[in-house]
Amino acid sequence: MKLALSIVLLLLVAAPGSAAPQTIVVGYIGQTRTPPLPLGPLDQPVSDDGLQGARLGIADDGGTGRFLGQHFELDQRVLKPGEAPTVAIASLAARGVAFVVADLDAATLSQAVAAPAADKMLFFNSRARDDALRQQDCRKNLLHTVPSRSMLADGLAQYLVWKRWQRWFLLVGPHPADQAMAAALRRAATRFGAEIIVDKPWTFRPASGRADTGHVTLQTEIPAATQVGDYDVLVVADEADEFGAYLEGRTALPRPVAGTQGLVADGWSAVNEEWGATQLQDRFRKQAGRWMTAYDYAAWLAVRSIGEAATRLRSLDPAAITAYLRSDDFLLAGFKGQGLSFRPWDGQMRQPILIAGPRLLVSSSPQPGFLHQRTPLDTLGIDLEESACRL
Amino acid sequence: MQVVIAFLLSLFILSRPATAETIYVSNEQDNTVAVVDGASMSLSTTIDVGRRPRGMALSVDKKRLFVAVGDDNRIDVVDLGNRQVTGQLPSGTDPEFFVVHPDGKRLFVANENDNLVSVVDIESAKVIGTIDVGVEPEGMAVSADGRYVACTSETTSMVHLIDAGTFELVDNLLVDTRPRAAAFSPDGKQLWVSSEIRGTVTVFDTTSRAETGKIQFEVPGIRREGVQAVGMEMARDGATAYVALGPANRVAEVDTKTLAVRRLYLVGQRPWHVVLSDDQKRLVSANGNSGDISFIDLENEEVVKSVPVGRGPWGVVIGP
Chain A
1 MKLALSIVLL LLVAAPGSAA PQTIVVGYIG QTRTPPLPLG PLDQPVSDDG LQGARLGIAD
61 DGGTGRFLGQ HFELDQRVLK PGEAPTVAIA SLAARGVAFV VADLDAATLS QAVAAPAADK
121 MLFFNSRARD DALRQQDCRK NLLHTVPSRS MLADGLAQYL VWKRWQRWFL LVGPHPADQA
181 MAAALRRAAT RFGAEIIVDK PWTFRPASGR ADTGHVTLQT EIPAATQVGD YDVLVVADEA
241 DEFGAYLEGR TALPRPVAGT QGLVADGWSA VNEEWGATQL QDRFRKQAGR WMTAYDYAAW
301 LAVRSIGEAA TRLRSLDPAA ITAYLRSDDF LLAGFKGQGL SFRPWDGQMR QPILIAGPRL
361 LVSSSPQPGF LHQRTPLDTL GIDLEESACR L
Chain B
1 MQVVIAFLLS LFILSRPATA ETIYVSNEQD NTVAVVDGAS MSLSTTIDVG RRPRGMALSV
61 DKKRLFVAVG DDNRIDVVDL GNRQVTGQLP SGTDPEFFVV HPDGKRLFVA NENDNLVSVV
121 DIESAKVIGT IDVGVEPEGM AVSADGRYVA CTSETTSMVH LIDAGTFELV DNLLVDTRPR
181 AAAFSPDGKQ LWVSSEIRGT VTVFDTTSRA ETGKIQFEVP GIRREGVQAV GMEMARDGAT
241 AYVALGPANR VAEVDTKTLA VRRLYLVGQR PWHVVLSDDQ KRLVSANGNS GDISFIDLEN
301 EEVVKSVPVG RGPWGVVIGP
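Chains A and B supply the protein sequences, listed in that same order.
Going by my numbering, the letters in the first sequence line up with residues 1 to 391, in that order.
Going by my numbering, the letters in the second sequence line up with residues 1 to 320, in that order.
Do not rely on the hints blindly, as some may be mistaken.
As the list claims (entries may be wrong) - Chain B stretches covered by chain A per the calculated footprint, using a threshold of three residues with CB under 8 Å from any CB of chain A: (1) 129-136; (2) 168-177.
Stated by the list, open to error - Computed spacing ranges between beta-carbons, pair by pair: (3) A:G289 <-> B:R263: 49 to 55 Å; (4) B:I128 <-> A:L391: 55 to 61 Å; (5) B:G129 <-> A:P41: 42 to 48 Å; (6) B:P308 <-> A:P368: 18 to 24 Å; (7) A:D43 <-> B:G81: 50 to 56 Å; (8) B:I128 <-> A:P41: 44 to 50 Å; (9) B:N289 <-> A:A84: 46 to 52 Å; (10) B:Q216 <-> A:L313: 17 to 23 Å; (11) A:G289 <-> B:G129: 28 to 34 Å; (12) B:P90 <-> A:T220: 54 to 60 Å; (13) A:L42 <-> B:D79: 42 to 48 Å; (14) B:V60 <-> A:P38: 54 to 60 Å; (15) A:L360 <-> B:P308: 21 to 27 Å; (16) A:Q44 <-> B:T130: 28 to 34 Å.
As the list claims (entries may be wrong) - A short, non-exhaustive set of chain A residues, derived as facing chain B with CB atoms under 7 Å: (17) T64; (18) F67; (19) T311; (20) L331; (21) A333; (22) Q338; (23) G339.
In case anyone wonders, no lab produced these hints; they're calculated from the structure.
For each residue, glycine too, the CB sits at the ideal point set by N, CA and C.
Same shape as in the complex, but just chain A (with noise of 0.2 Å):
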């Protein structure tokens, strides 16, 4: 049987294209989001960040498919303002897709995994960062190639920790999304012995910065709002970058700005060139025309570890990827110097958090010397032992 098997595979693979290609579609669905108004000229304008990084990951897939006999589709939904997910998903379901990138916030992608027809579905979560989706909401059709706020909390803690930068003042915008990174940022001072001298929300209205003489009153209103006793680092939690960015330079003491702004903590950044990942920038900048985001790189990072599925069962069997993804044999290049795997209990993908400047790559954690028993890429985010999710 298996030597059979091997002759029928080396015939696919030595006549590529003779015999008809099995198909498989990947479904996305997004959202339409206004794009913030760009903080300053250097910044891109992003309008479909997520697609582009679906779009690349098929065409990474058929790289391998068209040897294997394997073709790989992206059907794309884009749900309008306020519109539920159910009506795309039965439309998904109708074509037989069985695997859906989620390129949507917490409370769309909650119902999109509760839908009638998403039961026998695998969602990859490519945008919603909340911990609570891998807590208590964890999900059994759910899994999450980005990272959670507990993730890049704890990567930017260990390194800001590595550098002994202990002392933190925690400034905190004032979104329920800035709370949450803000807690997720106090549980890992805690887990990795920062202290949090200060621990202070942002009250001022969001001035910008574009105005004729916008420097002149942020130079008044910044050292104002940062006038606080001795820390190293000011740790800002401001995920709609509404203000973070005009922390740096302007504090009142002279210190060094990370977190959501400065020195950055997550998944991807634009900035990466180590790893091999000089390609995979490149390759998404002459398809998309503009710089790989997280979003872009968590919606690749989902269609990549179907494909990968594929390519090692040399199947396109829904029921056997969705096993293989969730085994502990499944192990997929991400261009962050290791293999990425998901975690068993809540679906989520183990992955390096990286810490970013504005131009150059500053590290990557886990942080040498931060231990744990099963890898080190385990010190980010919620263990096994602390984990709330029953599946």
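For chain A, the structure is supplied; the task is to place chain B on it using the hints.
Just chain B now, kept in the frame of chain A:
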């Protein structure tokens, strides 16, 4: 005729002192090639080359060293007499690794960014052919008889077998995730391919192209993500292969018959490539993260010296 030459060559090799050799190391982050004296195991000098030097190979007459300088999209030619860059060859974009065909006239170059292998005619300094391969071509090997060139493509997880005469793809074989290096056994019967992400080497029969074996490297105390197989070197007698294990900071010695790992040598940090001395008694590894090379005495089975060579050592070649 060939036999006579081989015989004369072997006499020459046997009669030479083992240490009369020179090690060349490409320093990826310094844009230099370090020259290390094999006898004293000390750094002699460094040669300035183009930007981001990685893959290297000697000309067939061993008088010149070809150095792929990826960021400059070319191959620098170093005259080993005066130790200076005396010429340049085209390479296609972003050359990382390449091989010199045994005919001495052609280079086969992996163009990592363009999914191509370029064939370069050395004398005319022209690209005389390109071959479409998978995404991110990386490792290159050529069979001793010159018939086949092998190229790995990292994202496609394939090794592509190329007819060196017609430049046509003969076969595409699936290998483990993110393949790095490829190597033919000296008799040409086997093709070995290393996988960075899965920490394995897959062995193929070159004729039937069937997978005949797999080596899963394991290092006590290191998680599987940290054990990555990269550069490889086969002993001339075909009995032993050496595999650099990247972030595991080890070089594995493998019995090519049983595929058993005989021993692991602890070298510097993140060895990329390894090379055997002409007398096959020493192995040298280029260690990317610790900025040095390790000398391994294979008879006594020990690492005898590490020599700082610069920042980001990557490729390593031994010449006279």
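Hint check:
1. 129-136: Satisfied; 3 residues make the cut.
2. 168-177: holds (count 5)
3. A:G289 <-> B:R263: 49 to 55 Å: 51 Å Cβ-Cβ, so the 49 to 55 Å window holds.
4. B:I128 <-> A:L391: 55 to 61 Å: holds (58 Å)
5. B:G129 <-> A:P41: 42 to 48 Å: holds (45 Å)
6. B:P308 <-> A:P368: 18 to 24 Å: Because 21 Å falls inside the window, the suggested range holds.
7. A:D43 <-> B:G81: 50 to 56 Å: holds (54 Å)
8. B:I128 <-> A:P41: 44 to 50 Å: Holds: the Cβ-Cβ distance is about 46 Å, inside 44 to 50 Å.
9. B:N289 <-> A:A84: 46 to 52 Å: For B:N289 and A:A84 the Cβ distance comes to about 50 Å; the hint holds.
10. B:Q216 <-> A:L313: 17 to 23 Å: The hinted range 17 to 23 Å holds for B:Q216 and A:L313, with Cβ atoms some 18 Å apart.
11. A:G289 <-> B:G129: 28 to 34 Å: Holds - the Cβ-Cβ distance for A:G289 and B:G129, about 31 Å, lies within 28 to 34 Å.
12. B:P90 <-> A:T220: 54 to 60 Å: holds (58 Å)
13. A:L42 <-> B:D79: 42 to 48 Å: holds (45 Å)
14. B:V60 <-> A:P38: 54 to 60 Å: Given a distance of about 56 Å, which is inside 54 to 60 Å, the answer is holds.
15. A:L360 <-> B:P308: 21 to 27 Å: Roughly 25 Å apart at Cβ, these two residues keep to the hinted range, so it holds.
16. A:Q44 <-> B:T130: 28 to 34 Å: holds (33 Å)
17. T64: Hint on A:T64: holds, closest Cβ of chain B at ~5 Å, below 7 Å.
18. F67: It holds, given that the least Cβ distance between A:F67 and chain B is near 4 Å, below 7 Å.
19. T311: holds (6 Å)
20. L331: holds (5 Å)
21. A333: holds (4 Å)
22. Q338: holds (4 Å)
23. G339: holds (4 Å)
When held up to the earlier numbered hints, the structure conflicts with none and fits them all.
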